[in-house]
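Quick mapping for you: the protein sequence lines, in order, are chains A and B. Residue numbering for the first sequence follows our numbering, starting at 1 and increasing by one per position. Residue numbering for the second sequence follows our numbering, starting at 1 and increasing by one per position.
Don't read these hints as lab results, they were simulated from the structure. Check the hints yourself; a few may be wrong.
Repeated chains share a single entry, so a pair holds when one copy, or any two copies, can fit it.
In silico SDA-like pairs for lysine to any residue, Cα to Cα no more than 20 Å straight-line [claimed, not checked]:
1. K159 to S135
2. K306 to V13
3. K151 to R46
4. K306 to S16
5. K25 to A232
6. K205 to D99
It should be emphasised that the depicted structure is a prediction, and the values quoted were computed from it without experimental measurement.
There are 2 protein chains.
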Amino acid sequence: MSRIDRTHGSGGVSTSGLIRDIFQKELSNVYLDSMCDSAIVPGSSRLAVTTDSFVIRPLFYAGGDIGSLAVCGTVNDLLVAGASPEYLTAGFILEEGLDTEILRQAVHSMAESAKESGVSIVAGDTKVIEPSDPSDPGLIINTAGVGFVDKDFVLSPSKISDGDSVIISGSLGDHHAAILSSRLSIKNNIISDTAPLCDMISNLKKEGIELHAMRDVTRGGLATILNELSDASGCRMLLEETSIPVSPEVSSFCRILGLDPLYMGNEGKCVFILPRPDAERALSIIQKSRYGECAAIIGNVSSTGKGVVIRTAIGGEKTVGPLYGEGLPRIC
Amino acid sequence: MSRIDRTHGSGGVSTSGLIRDIFQKELSNVYLDSMCDSAIVPGSSRLAVTTDSFVIRPLFYAGGDIGSLAVCGTVNDLLVAGASPEYLTAGFILEEGLDTEILRQAVHSMAESAKESGVSIVAGDTKVIEPSDPSDPGLIINTAGVGFVDKDFVLSPSKISDGDSVIISGSLGDHHAAILSSRLSIKNNIISDTAPLCDMISNLKKEGIELHAMRDVTRGGLATILNELSDASGCRMLLEETSIPVSPEVSSFCRILGLDPLYMGNEGKCVFILPRPDAERALSIIQKSRYGECAAIIGNVSSTGKGVVIRTAIGGEKTVGPLYGEGLPRIC
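One chain only, chain A, in its complex shape (with noise of 0.2 Å):
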């Protein structure tokens, strides 16, 4: 069995042996191991339930592949909606002709996500298609995610109000930045930024400080999430160019690529918004929580006017919509 056919698809041995040979090798648990179609979980209080499909392509690249991502994607939209990330479900759909190693490593990928993430994968589903390109099939990954939320924990951009600071976790750009370099075969040091922000957001929690929104920010870049809260609290985001992280190799390439790190995508970034006392020491833990040594206040709230501003390094302001036509294609 080295490569996927349609019977591995079929729901009869194949599956079984796929099942068996990959899936329950790599993610095995007792929820997963009882072989059931649904898998039956313990549960409390509120639940947070997410779903995400991943179709990106390169399936590997610098910095974490299509397995790693599914985890991560599913784990920071729940950690966002405030909840601690317990399940995932996984739906895999195979194109007919993919090398089982590839799948293997995906499946591994996603195992180690999970155990750095504290989330059991309890239920899955495989599937088989005919492959777009025949000469390169691929695979496609649904993650759905559920996680508890405490009952007093209320996020809402309802509470987004004058004065509050804008932080930014890390860097922006440096997925995007990093598939399209791996498809356009530029070699440079760019490495995506995948990675499940638990640490930071359950630090931030531990230490008490009040939230008013948090979002990951991925497909459509921060300047796209920004209008949407903008929109959603009717509150003006005012940013400072100045202070938005953009590594020095993401920032040479958007350059001569002619792109904008605010519209780039990201797999392990998120975006606070929360009272401005609270700030610095709000800052101060992100950057001691893993993946967050380069985050930055870049901005505050203000109650006059919508929209997301930004003042420029010369002292401009411009307005910042949000992102229009398609970004790249399949980064996630």
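Fit chain B to the given chain A structure using the hints.
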């Protein structure tokens, strides 16, 4: 916006438009409308979590479509785990060029099936990929489901015992035959059995029927599923061929094409294994429930030996193994 293009997968303005115009319009509920990446839902007791991806072709067929299937398939997976289905997530993987009206119809069917099943679709995600056949762009839907299981309700193959009865909730092969008829452009009256089995299973529970095992009979067919239950329980399943319900139309169809209904996929059928003293009463409850009118007691369990054995119409006995090979590709 009458065709899907890559901008619909960007996470930017076009994605928002698609969510607003189609998904939110069709699926609106208080959790989905909050437009967060995760849905926060109230929880209690034990959770059941499941997932399934749906890659069926054609997208629309006699008796159902990819939308109704995506809901019913996951709802039934929760039901046979003994759970009351509550929440679904939906991940859409759309091929560029897909007619938006096709998507709308599929999402509408999801809404109808969700309503019938009493579930809320609480979170979603959209990605766009290149079509594998540009002349006929399609879509894939992943659903994950969350349900609650009563603390004292336990189903397990280990409960399957000597003398237990085997009940099938209706005729076999309808879904498989309907899909194949559509692909081969054969005109007949065969209609897929795509349906949620909530009514049937909740009636059995309400009436206090003791169930040892239940499974929905999908890919791989009844033969594969009973072999799995035989393996897990260490018991032999003895079926009476003349008792197994197959509609006259499906029976003729199978004879012409050399197909065996025992290996054909269904999307609204369940097999129940339960103590013989309860069997007649359970059968009557199933027959009075929605989608159960053709239910039948088809065999019994023996602790002597293993595997699945069928007593044929002419009195012989044959061993029936699980499905080998591919079955019908993209049947669900």
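Hints versus structure:
For the homomeric pair K159 and S135, neither the shortest alpha-carbon distance inside one copy (51 Å) nor that between copies (49 Å) is at most 20 Å. Taking identical chains as interchangeable, the C-alpha atoms of K306 and V13 lie at most 20 Å apart only when they sit on different chains, with a minimum of 17 Å there against 58 Å within one chain. For the homomeric pair K151 and R46, the shortest alpha-carbon distances inside one copy (7 Å) and between copies (18 Å) are both at most 20 Å. With identical chains, the CA atoms of K306 and S16 are at most 20 Å apart between copies only, with a shortest distance of 19 Å across copies and 55 Å within one.
Proximity of K25 and A232 under a CA criterion of 20 Å is satisfied inter-copy only: 19 Å between copies versus 44 Å inside one chain copy. Taking CA atoms no more than 20 Å apart as the test, K205 paired with D99 passes in neither setting, with 43 Å inside one copy and 45 Å between copies.
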